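Colleague: We have chain R already, so just place chain F on it with the hints.
Number of protein chains: 2
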Amino acid sequence: MANIQKVTSFIKENRGEYIELLQKMVRQPSKAGDESGIQDIMEKRLREKGFEVDRWELDYEALSNDKYFCASRSDFHGSENVVGVLKGAGGGRSLILNGHVDVVPEGERDQWTDDPFSGEIHGSHLYGRGSTDMKGGNLSALLAVEAIQAVGITLKGDIIFQSVVEEESGGSGTLAAIDRGYTADAALIPEPTNMRIFPKQQGSMWFKVHIYGKSAHGGTRYEGVSAIEKVQPVLHAILELEKERNEPLQSPLYEGNPIPVPINVGKIEGGTWPSSVPDQVTLEGRMGVIPGEDLNEAKKQIEKRLAILADENAWFAESPVKVEWFGARWLPGEIAEDHPFLQALVEAYQSNKREEPVQKASPWGTDGGLLTEVGGVPSVVFGPGETSVAHYPNEYINMDYVFETAEIIAQAIMDWCGVDE
Amino acid sequence: MANIQKVTSFIKENRGEYIELLQKMVRQPSKAGDESGIQDIMEKRLREKGFEVDRWELDYEALSNDKYFCASRSDFHGSENVVGVLKGAGGGRSLILNGHVDVVPEGERDQWTDDPFSGEIHGSHLYGRGSTDMKGGNLSALLAVEAIQAVGITLKGDIIFQSVVEEESGGSGTLAAIDRGYTADAALIPEPTNMRIFPKQQGSMWFKVHIYGKSAHGGTRYEGVSAIEKVQPVLHAILELEKERNEPLQSPLYEGNPIPVPINVGKIEGGTWPSSVPDQVTLEGRMGVIPGEDLNEAKKQIEKRLAILADENAWFAESPVKVEWFGARWLPGEIAEDHPFLQALVEAYQSNKREEPVQKASPWGTDGGLLTEVGGVPSVVFGPGETSVAHYPNEYINMDYVFETAEIIAQAIMDWCGVDE
Numbered sequence: 001m002a003n004i005q006k007v008t009s010f011i012k013e014n015r016g017e018y019i020e021l022l023q024k025m026v027r028q029p030s031k032a033g034d035e036s037g038i039q040d041i042m043e044k045r046l047r048e049k050g051f052e053v054d055r056w057e058l059d060y061e062a063l064s065n066d067k068y069f070c071a072s073r074s075d076f077h078g079s080e081n082v083v084g085v086l087k088g089a090g091g092g093r094s095l096i097l098n099g100h101v102d103v104v105p106e107g108e109r110d111q112w113t114d115d116p117f118s119g120e121i122h123g124s125h126l127y128g129r130g131s132t133d134m135k136g137g138n139l140s141a142l143l144a145v146e147a148i149q150a151v152g153i154t155l156k157g158d159i160i161f162q163s164v165v166e167e168e169s170g171g172s173g174t175l176a177a178i179d180r181g182y183t184a185d186a187a188l189i190p191e192p193t194n195m196r197i198f199p200k201q202q203g204s205m206w207f208k209v210h211i212y213g214k215s216a217h218g219g220t221r222y223e224g225v226s227a228i229e230k231v232q233p234v235l236h237a238i239l240e241l242e243k244e245r246n247e248p249l250q251s252p253l254y255e256g257n258p259i260p261v262p263i264n265v266g267k268i269e270g271g272t273w274p275s276s277v278p279d280q281v282t283l284e285g286r287m288g289v290i291p292g293e294d295l296n297e298a299k300k301q302i303e304k305r306l307a308i309l310a311d312e313n314a315w316f317a318e319s320p321v322k323v324e325w326f327g328a329r330w331l332p333g334e335i336a337e338d339h340p341f342l343q344a345l346v347e348a349y350q351s352n353k354r355e356e357p358v359q360k361a362s363p364w365g366t367d368g369g370l371l372t373e374v375g376g377v378p379s380v381v382f383g384p385g386e387t388s389v390a391h392y393p394n395e396y397i398n399m400d401y402v403f404e405t406a407e408i409i410a411q412a413i414m415d416w417c418g419v420d421e
Numbered sequence: 422m423a424n425i426q427k428v429t430s431f432i433k434e435n436r437g438e439y440i441e442l443l444q445k446m447v448r449q450p451s452k453a454g455d456e457s458g459i460q461d462i463m464e465k466r467l468r469e470k471g472f473e474v475d476r477w478e479l480d481y482e483a484l485s486n487d488k489y490f491c492a493s494r495s496d497f498h499g500s501e502n503v504v505g506v507l508k509g510a511g512g513g514r515s516l517i518l519n520g521h522v523d524v525v526p527e528g529e530r531d532q533w534t535d536d537p538f539s540g541e542i543h544g545s546h547l548y549g550r551g552s553t554d555m556k557g558g559n560l561s562a563l564l565a566v567e568a569i570q571a572v573g574i575t576l577k578g579d580i581i582f583q584s585v586v587e588e589e590s591g592g593s594g595t596l597a598a599i600d601r602g603y604t605a606d607a608a609l610i611p612e613p614t615n616m617r618i619f620p621k622q623q624g625s626m627w628f629k630v631h632i633y634g635k636s637a638h639g640g641t642r643y644e645g646v647s648a649i650e651k652v653q654p655v656l657h658a659i660l661e662l663e664k665e666r667n668e669p670l671q672s673p674l675y676e677g678n679p680i681p682v683p684i685n686v687g688k689i690e691g692g693t694w695p696s697s698v699p700d701q702v703t704l705e706g707r708m709g710v711i712p713g714e715d716l717n718e719a720k721k722q723i724e725k726r727l728a729i730l731a732d733e734n735a736w737f738a739e740s741p742v743k744v745e746w747f748g749a750r751w752l753p754g755e756i757a758e759d760h761p762f763l764q765a766l767v768e769a770y771q772s773n774k775r776e777e778p779v780q781k782a783s784p785w786g787t788d789g790g791l792l793t794e795v796g797g798v799p800s801v802v803f804g805p806g807e808t809s810v811a812h813y814p815n816e817y818i819n820m821d822y823v824f825e826t827a828e829i830i831a832q833a834i835m836d837w838c839g840v841d842e
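These protein sequence lines map, in sequence, to chains R and F. If you're matching positions, the first sequence starts at 1 in our numbering and goes up one per residue. If you're matching positions, the second sequence starts at 422 in our numbering and goes up one per residue.
Here chain R stands alone, though its shape is the one from the complex (with noise of 0.2 angstroms):
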């Protein structure tokens, strides 16, 4: 029988047994400063499967120092990675399988048909918060080296699996099992794509634009200057950055896409009382980075064209808007089209599916954008589940695509760190 004949046998008379490995994970709910949970469980797993094990809670002190830091903690007590490496024997390229078990805060309780964490089974779902983002593909990628070692296939490179914290708020998970020093010559992140393959990833950074007027009171609010009338303007200002940034993007992961990296007003607030001229509006957004461009350089034009509002309009010239850069950022990620790694995958999914993936440029960032530019470790988004239900009351994940991926993950390890015959 074929390696992958013998792996896809396993997966497949195996369901049972991760199914239940998935629930126990889902019950966890590791939210930020909560991973303690989830960690024992994958530290547990990767032990008992003769992996190297490495725990260690994230040092906030050195984190804080690196320049590609971003948290909205100040400190890390209680989270801690996991990394298990499974040593290959020789002559093999190395692999890094990343997935975050963080995960975003339930919500309200009421908008749950069963309780978030209860990690239900439904026909082919199961249901709970950090099902599809991502314990899911976590299960994907882990069933995958586990289902190569028990048909007896030993690889030759490394498989370095990382079960980090804190992706959800910026990445200082992935930062810190980087700057421990775990490398390889490619990385897997089982984002749920919904198994499409994303060998670009768009960054983002949050900011905020202070908009200004001049109070007065509502029955004489001709005496005043509504900051509320200046928004038209500096949305206006912000689609044409939008649009000059995406002209020129060609690539054909980007075929279809309207806008390939968006510049999002998520929020506004400003004034304090019905009857009073507001004399301050807040936007709050999201900037799209384009993978291979520099946070700075982004920056800088937004920054650039709001200041030119200035020369446009003369309110403000004498009061400009203020950009200001807070909250979560994730470094845009890519592999290059040729990397021999996204090939194998390729080929893996052909091979597994029978027809081509489809792959695209992500809308999101993860933290291959961190590996990618921080790690220099070349990486690609692959995994089950749709971003439609993730962060969101009643998340699933489908497991058939669990195993599907899991056995696409497999074949492609195989292919790209090679099988000690």
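Don't read these hints as lab results, they were simulated from the structure. These figures come from a predicted structure and were not determined experimentally. Worth double-checking, as some hints may not be accurate.
Ranges between beta-carbon positions, derived for each pair [what the hints assert, rightly or not]:
#1 Glu324(R) to Pro741(F): 29 to 39 angstroms
#2 Gln671(F) to Tyr392(R): 33 to 43 angstroms
#3 Glu247(R) to Glu644(F): 16 to 26 angstroms
Glycine included, every Cβ here is placed at the ideal spot set by N, Cα and C.
Modeller: What follows is chain F alone, placed relative to chain R:
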């Protein structure tokens, strides 16, 4: 010596006592629900001066059934009106002197130089929340009557001195006084007009406009519809309506006023996350109501104008904006331009100041709206103090103007009510 000379001499000679009285009044932090202390002072004073005093707690049940009721509270425990009636000798016209004792909250303590309720004197300024809005004016009116009494003059008509609560939140205090049967041939409200005479008072109503979009991830923002981008057509429609409503307004009282009765959008809030497409935005605003205009007609105008958006814009046809009326509301008020009480006040001003008074339509509502519309009492607003310091930190009143105003009001009272020789 002429009566007015006796009165002005009394006022000049007794400044010290009345400054102390105003200090006592300002030192009562009479925010909504906490007016007992100031009403104790008012009740005691009126009794001492021979007024028939009526003090009662507002009856929420009874008031809330009144169609003109508008309040942010759900009970009036601890909020009492004090009304003092000084019966005239007979044969004269009666006058309501109406002033509110409730004050708006002091806001951030550290923005005040002194304690917000200090009553401190610096030069001719007396400082504290409520000094301008409107305890200083109340003192002017009280002093006017007390000076007339003190120099031995008997009025023919009755004086109804109303020390009311709840003006800042919709006028339930004055409404309660009307419901209790208090009426007169005219009313004066010494709100801070900076000694200008306001024969017309703009009313106002608060509204919300709910604007809808369609949510999506910011990285694929083209899959959503930004409610923030839909604000502009709504603002435009509101500005158009404001123009339509103001163009026909013809009165010398509106002269030089670019927008006599504005519609102000004072607050905006929408979206929840920088990297999500915002699916809702709420505007909060204040619609000025023209003196003589029906509130419901005014409401319909804005509702109709925003409904037309659906004809102009496909998105609004699918997701119409919603208009909601909420919070505070002030009825417009007025007195006929040739009303003899207005004439008496104008002449008193001319004779005291040796110049013409400035007459304007007020840019804001007062309890004069209720007195006019519900009580049927023609009302004029005239008092010391500037609204530019009301509701702000370091509110103060210039005592010189408090005493000048008292002199002018005393003269107007004697002319209007008649003096029993």
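Colleague: Each of the hints needs a verdict: does it hold here or not?
Modeller: Results for each hint:
no. : hint                                       : result
1   : Glu324(R) to Pro741(F): 29 to 39 angstroms : holds (35 angstroms)
2   : Gln671(F) to Tyr392(R): 33 to 43 angstroms : violated (57 angstroms)
3   : Glu247(R) to Glu644(F): 16 to 26 angstroms : holds (20 angstroms)
In the structure shown, a violation is registered for the earlier hint numbered 2 alone.
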